[in-house]
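There are 2 protein chains.
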Amino acid sequence: MGTTKSEVFSEKVNDLASLFKAMGHPARIAIVQFLRAQEKCICTDLVNELPLAQPTISQHLKELKNAGIIQGSVSGTSICYCLNLDKLGELDVFLASLKYDQVPTCCS
Amino acid sequence: MGTTKSEVFSEKVNDLASLFKAMGHPARIAIVQFLRAQEKCICTDLVNELPLAQPTISQHLKELKNAGIIQGSVSGTSICYCLNLDKLGELDVFLASLKYDQVPTCCS
DNA sequence: CATAAATATCGTAATATTACAATATTAAAA
DNA sequence: TTTTAATATTGTAATATTACGATATTTATG
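In order, the protein sequences belong to chains A and B.
Counted from 1, the first sequence has number 65 at position 56 by my numbering; the numbering is strictly sequential.
Counted from 1, the second sequence has number 76 at position 67 by my numbering; the numbering is strictly sequential.
Simulated from the structure, these hints should not be mistaken for lab results.
Zero decoy hints are in this set.
Identical chains blur together in the list; that is why a pair holds if it fits in one copy or across any two.
For lysine to aspartate or glutamate, the following DMTMM-like pairs were computed, each having C-alpha atoms within a straight-line distance of at most 20 Å:
id, residue 1, residue 2
1, K96, D110
2, K49, D110
3, K30, E72
4, K30, D101
5, K21, E58
6, K30, E20
7, K14, E58
8, K108, E48
9, K49, E72
10, K96, E20
11, K30, E99
12, K71, E48
Turn these sequences into a full structure, and let the hints guide you.
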């Protein structure tokens, strides 16, 4: 008990859930928004921008990177992060798949 | 420690994170997909469809309902659930706001 | 009213997440 | 090569999430 029963769901469903989950924290939304505004940034920029400790920022960056939402490239002693909009595009595709051609009248 | 520091983020960022979080579980993705396919359903339909116990389904439905992603209307002894695509549209708007007119060349 | 059907709630065990201090790692700069 | 800057990792306390058995609630039906 306590663990998500991932094994009973399809890979596609699990992947989508992981992607949504990665976006399901205000710090990570803020990071993504900051990255969008700055085009790119390093960890220190975020540490200065957000009222969270450096290890916490680093942890959130790692989760976003594992989810494929951001990518980082080494640049001297720092790491330059930027958005991978292709990955977020998968959410677009999913959300579009939920839309109806004709909106049903139930529950309205 | 242990708690998300919501108070340091804007209401908008917190709301978006909550919405993503609500979609961040495979059971809830599956419920949303089933609802899309059936247009509407009751809890028992989902209990028959998904290999999860009834209280677990009920708990997930509650989270989706709290997030505004689904809505339920009483119908006899059962409750008829359906999607609220307007709420999911908020995610569309956010994802669209991340897109660039001109894709930057960083990190590529 | 007793029963049944559908759903919600409670209680709880197992696990996951969040945040951060302390520390390690890595690469440039002095 | 020591120092500095940037970032990652480790360890851990506090809290949240997940799943489900047991039980309560609610509404129709006999």
